[in-house]
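Colleague: Next come the chains, spelled out residue by residue.
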Amino acid sequence: MNAHVQSSLWKSAKQRLLQMHYESGVGHLGCNLSVLDLLLTLHHDVMSPADQFVLSKGHAAGAYYITLWTLGRLVDADLKTFHRDDTRLSGHPPARGIDEILFATGSLGHGLGLSAGLALGKRLRGELGQVYCVTSDGEWNEGSMWESLIFARHQRLTNLTLIVDLNGLQGFGTTQEVADLSPLAERLRAFGLRSLEVDGHDPLELAAALRERSDDGPLAIVAKTVKGKGVSFMEHRMEWHYLPISAEQYEQALQEVSNA
Amino acid sequence: MRNAFCLSLVAQARTQEFVFLTGDLGFLALEPLRDALGTRFINAGVAEQNMVSVAAGLARQGMRPWAYSIAPFIYARPFEHIRNDVCLHGLPVVLVGNGGGYGYGVMGSTHHALEDYGTLLTLSRMRVFIPAFDADVATVVSQLMTIQCPAYLRLGLSEEPRGWTPPPFAAWRKLVSGAGATLIVVGPLAGSVWQPCSELLEPSRPNLWCLSALPLDELPAELLDDIRHSDVLCVAEEHVAHGSAGSTLAAELLAHGCVPKRFVQRIALGYPSGRYGSQKFHRRECGLDATALLEVVRLEQPKS
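Protein chains in written order, with our numbering: chain S, 19 to 278; chain E, 448 to 751.
Treat the hints as calculated values from the structure; they're not laboratory data.
The reader is advised that the hints may include incorrect statements.
[To be verified] Taking beta-carbon pairs under 10 Å as the criterion, some of the chain E residues facing chain S (in silico):
no. : residue
1   : Thr486
2   : Ala494
3   : Asn497
4   : Ala503
[Said to hold, decoys possible] Which stretches of chain E does chain S cover? Using the computed rule of at least three CB atoms under 8 Å from a CB of chain S, they are:
no. : segment
5   : 487-493
6   : 584-590
Keep in mind it's a predicted model, so treat the numbers as computed, not measured.
Glycine included, each C-beta is placed from N, C-alpha and C at the ideal position.
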């Protein structure tokens, strides 16, 4: 994808994300903005039809829905139902109703094990394709993540790429305040994984890392991101994990992402 | 029953979609299966949450995963993974719990599974199988290999007397006919109750039924008939009252307008004395042994 088309698409995705959350009165914008560049890059520039994706940080469902919208898998009429009665687009990815969404997520600590199962299944069936799993950073508080990491490494699942959206903020504090796991990339290396660190808002750097493989196990990519990226009053602010956006804030946010 | 289970699965090893995961258990039991399956036998380590999620991922790829541990470890620790990853998607993952109820005896309370099937049956589309006899296992394994929904297999010890051939596996089986009470027993306990029941004289001999699958589907007409003609209905199971087969049956009977004259539940009571012992010890403490159950059904005397 050429740079101009990409820039235009990314911009319209951010505008549409803000609009969807504004119209529905729903929070979680901060963590959606931190992961959106990553999801767009992965789905537009990296993944092939044989690949599969699991959003372990299910609270970024909005960014995922918008990514599917940019791919033509969801339409405006779908997005208008987000978070409303009789919708397919629940606040966290649904179990049924959208073919691209393989698993309902939202309770943290599930996606990596599910992805390991998908990757192992591909290997046992002799099928090609990579399984990509996006986790949050706070999610690594969950013990099950480490169970899955040990398993994936032990099974040498080279067809699995795990990506951490390292925005440094979790539910009720910074990741360093709550349960410090920094430097996470090094900790993943200590478990035997090849672990890359990238700017999670740079499409070129992201795409290059996402195309990398490890020859003896899963690849880990720690994507350094900014919660609320692109909206000045949201960046690095924990409250934007929760708060809905007012009309004035929406106008300002829209202007900022449009002018970026 | 575990050896019968292993041999039944070995017989299914040619099914290329069949994958077996164990939570690091199966020593001196599952080695033949490990050898038969090769790379499709996976020791997932002491990590049941991940094991269940991996099983869900495998099922999503079209594989037929079985996840095995001792009964308490397969349903309690990974419960959310069973609920979210398996059941919300209706995936055909077979969870296998060895030693249900007080099966692990004096190993202690952490190793008992007294609320396993009641807990799991709260989940969407979950089916539970509780074979009573070794001879049931091959049939159950064969059914589970093609099941289209999540399932839980509770294994125990086969307790039937030597030389007796039980009827073929079915959700409901009538093991003894009589003119006395109606006694329903869940799973392997039926094997040790069969003989003392069958030796009673006709007037006080109970109608003994064995229940081996949940949730309850169609209730057999003969069972309803037995219940209507009995002065007491007793349901015995190694499971706590909440979520028990007995409680579920009581609700079903009300829906059928079939109200027993008297309803007695014999259930797992936990640890009434605070002491631990064999499976038989705990059954005695709960009134779940054959002697105690016969006391219940003998209270029922046929009308003259």
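Colleague: Against this structure, judge whether each hint is valid.
Modeller: Against the structure, the hints come out as follows:
1. Hint on Thr486(E) holds. Least Cβ distance to chain S is approximately 7 Å, under the 10 Å limit.
2. Because the beta carbon of Ala494(E) sits about 4 Å from the nearest beta carbon in chain S, less than 10 Å, this interface hint is met.
3. Contact between Asn497(E) and chain S, as hinted, is supported at the beta carbon level, the nearest pair being about 4 Å apart and thus within 10 Å.
4. Here the hint on Ala503(E) is kept, as its CB sits about 6 Å from the closest CB of chain S, short of 10 Å.
5. For a cut-off of 8 Å, the count of residues in the segment 487-493 of chain E with a CB near a CB of chain S stands at 4, and the three-residue condition holds.
6. Given a C-beta distance limit of less than 8 Å, the hint that chain S covers the segment 584-590 of chain E is violated, as 0 residues qualify and 3 are needed.
Figure legend: structure checked against the earlier numbered hints; the only hint not met is number 6.
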